[in-house]
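Student: Sequence:
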Amino acid sequence: MARRRTSAFEDLIVVLSRLPWWASLAIGLVSWLILHPIAIAPVTPPAALKPGEMGGILTAQLWRTFALFGQYLIPIACGLGAIGSVIARYKRTQLLGSVTAATQPGKAIDGLSWQQFEHLIGEAFRRKGYSITETGGQGADGGVDLILRKNNEKYLVQCKHWRSLKVGVPVVREFFGAMAAEGAAGGYVVTSGQFTQEAKSFAQGRNIQLIDGAGLKRLMLRAQPSAPTTPATSTASSTATATTLQPAKDPTCPLCHSSMIKRIARKGSNAGNSFWGCSTYPKCRGIVNVQPL
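All residue numbers for the sequence shown refer to full-length UniProt numbering, where the first residue is 1 and numbers rise by one.
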């Protein structure tokens, strides 16, 4: 089936819907403040024109005509884009909730389309405090799918919804080139499948984090807010406390929210003791003490 041709107005709404709702409204307000004074500016009558001024007057009239319609159309498009952004955010929240609530999250992820897969990954990173820009329109096997921003740094994400194939080193090498071209501080390659050993070796030391199917499930679960529990009896309270004190197998860095690696202190008063260190060290020096069992 041939793709339906869209107007420039519809394309503008689609682009604005990918922004946060407040950004779309801000753009609409700024556009009206700029275009409205141009639209109501007085027109120089032809009798008052001097020789050589006709070109400038025609240009000004074209701008006035554009402003006359744009002062209303652009804010309307921004308002519709903001509504679309809110609806899209709600759908992504529902999508993440349905996947994490499934009895078999892996099968639920495999059943998603590649667009839903990208939306799911974006929502999970948004829950980790990143601002998300969806590049969109690059198909099921495109290049960079998401751009993350946090603490004035940019990170790239490539999503590979491959159920049966392993992601090889050519994909990771090409992604590293995109990171260099974009000046990104780091990147994530996310797949519902697995990575080859060559891909894992290439990613080491290049600030590329590879997230396979198992890591993706952990990412989804961490993105869901945990429900508060109220101890009913002293026995239940003791059990809950014991559960809380058990260290997570893969904690999150308290500074940059990256995954952490168990290390052993080699110097200082804590030499020989274990601790959790940020996987992005030395870029981030976040640590978490290993709690005793």
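Incorrect hints may appear among the rest.
With a straight-line Cα cutoff of 16 Å, these simulated EDC-like cross-link-like pairs (lysine to aspartate or glutamate) come out [said to hold, decoys possible]:
id	residue 1	residue 2
1	Lys107	Asp212
2	Lys283	Glu153
3	Lys200	Asp212
4	Lys128	Glu174
5	Lys166	Glu153
6	Lys91	Glu134
7	Lys166	Glu134
8	Lys154	Glu182
9	Lys200	Glu182
10	Lys128	Glu153
11	Lys217	Asp110
12	Lys166	Asp212
Pairwise CB distance ranges, derived in the manner of DEER restraints [what the hints assert, rightly or not]:
id	residue 1	residue 2	range
13	Lys166	Tyr72	21 to 29 Å
14	Glu198	Asp110	40 to 48 Å
15	Arg89	Ile40	57 to 65 Å
These aren't lab readings, by the way, just hints derived from the structure by calculation.
Quantities reported herein were computed from a predicted structural model and do not represent experimental measurements.
Each residue gets a CB set at the ideal place from its N, CA and C atoms; glycine is no exception.
Student: Check whether the Cα positions of Lys166 and Glu134 lie no farther apart than 16 Å.
Tutor: 24 Å, violated
Student: Can the restraint linking Lys200 and Glu182 be considered satisfied, given a maximum Cα separation of 16 Å?
Tutor: 22 Å, violated
Student: Given the hinted pair Lys154 and Glu182, is their Cα-Cα distance within 16 Å?
Tutor: 9 Å, holds
Student: Tell me if the straight-line CA distance from Lys166 to Asp212 falls inside 16 Å.
Tutor: Answer holds: Lys166 to Asp212 is near 10 Å, not above 16 Å.
Student: Keeping to a limit of 16 Å between CA atoms, is the pair of Lys166 and Glu153 held or broken?
Tutor: Violated, because 30 Å separates the two Cα atoms, which is more than 16 Å.
Student: Given the hint that Lys217 pairs with Asp110, does the C-alpha gap stay at or below 16 Å?
Tutor: 12 Å, holds
Student: Please work out if Lys128 and Glu174 have their alpha carbons no farther apart than 16 Å.
Tutor: Judged against 16 Å, a Cα distance of about 26 Å means the pair is violated.
Student: Under the criterion that the straight-line Cα-Cα distance not exceed 16 Å, is the pair Lys91, Glu134 satisfied?
Tutor: Holds - the C-alpha atoms of Glu134 and Lys91 are around 15 Å apart, at most 16 Å.
Student: Do the beta carbons of Glu198 and Asp110 sit within 40 to 48 Å of each other?
Tutor: Roughly 24 Å apart at Cβ, these two residues miss the hinted range, so it is violated.
Student: If you draw a straight line from the CA of Lys128 to the CA of Glu153, is it 16 Å or shorter?
Tutor: 14 Å, holds
Student: Is Lys283 within 16 Å of Glu153, Cα to Cα?
Tutor: 12 Å, holds
Student: Is the straight-line distance between the alpha-carbon of Lys200 and that of Asp212 16 Å or less?
Tutor: 11 Å, holds
Checked against the numbered hints above, the structure breaks hints 4, 5, 7, 9, 13, 14 and 15 and satisfies the rest.
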